[in-house]
Amino acid sequence: DAKTTQPTSMDCAEGRAANLPCNHSTISGNEYVYWYRQIHSQGPQYIIHGLKNNETNEMASLIITEDRKSSTLILPHATLRDTAVYYCIVRGRSYNTDKLIFGTGTRLQVFP
Amino acid sequence: DTEVTQTPKHLVMGMTNKKSLKCEQHMGHRAMYWYKQKAKKPPELMFVYSYEKLSINESVPSRFSPECPNSSLLNLHLHALQPEDSALYLCASSQVAGWGDTQYFGPGTRLTVL
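Protein chains in written order, with this note's numbering: chain R, 2 to 113; chain Z, 5 to 118.
Careful: at least some of the hints might be erroneous.
Straight-line Cα separation of at most 16 Å, EDC-like style, residue types lysine to aspartate or glutamate; simulated pairs [said to hold, decoys possible]:
# : chain 1 : residue 1 : chain 2 : residue 2
1 : R       : Lys-100   : Z       : Asp-105
2 : Z       : Lys-45    : Z       : Glu-88
3 : R       : Lys-100   : Z       : Glu-71
Source of the hints: derived by calculation from the structure; they are not laboratory data.
Work out the full structure: start from the sequences and follow the hints.
As structure tokens, this is what we get:
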């Protein structure tokens, strides 16, 4: 079963920051938070991952709370091409725990 | 380069046909995966190959038969499928399996079973 809870859908105006929350209250100490997105009918695209420190790359920033029970993915300047389903996934790093178990995700709609 | 390619993009087959899906990566990854995604649902893991050996089968029916001929190539052989097997089939790869390495996905094959 997925170990994360995300809002079903969110809207964001183009050019504004999109902040996508994820709750993972049962995360264990050695589990990572991964974010993927899936644009309609395409394969999932890796965005970013982190353990406990905040992370930033060319696509997004990941903010993880100090207790690690929740995180927020930030797309700093959303564009129409960012419209997609965003999946927050918790996974471990041992043989049977590194599976990607997708939840239902958040459908982000970016509008002009 | 994090490209995983899949062919064909679309496939329509009858219930008595035999067909194959192909996945290829040239990133030197030694783990490859098959996922199935039904309409409006998240992807679900089917198989994991690690160093060309099948390491995980998520109780997938035998009408789906995976094959990993070499470290760059992954096939999924299909035989006697049912209409409910219609889905998007996704391939992914990672450096190794079992260490939480990032998985990179291909664009998928949209399969329709008539």
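Against the structure, the hints come out as follows:
Only pairs whose Cα atoms come within 16 Å are accepted, and R:Lys-100 paired with Z:Asp-105 is accepted, the gap being roughly 10 Å. At roughly 14 Å between alpha-carbon atoms, Z:Lys-45 and Z:Glu-88 fall within 16 Å of each other, so this suggested pair holds. For the hint linking R:Lys-100 to Z:Glu-71, the alpha-carbon distance of about 20 Å lies beyond 16 Å, and the restraint is violated.
Checked against the numbered hints above, the structure violates only hint 3.
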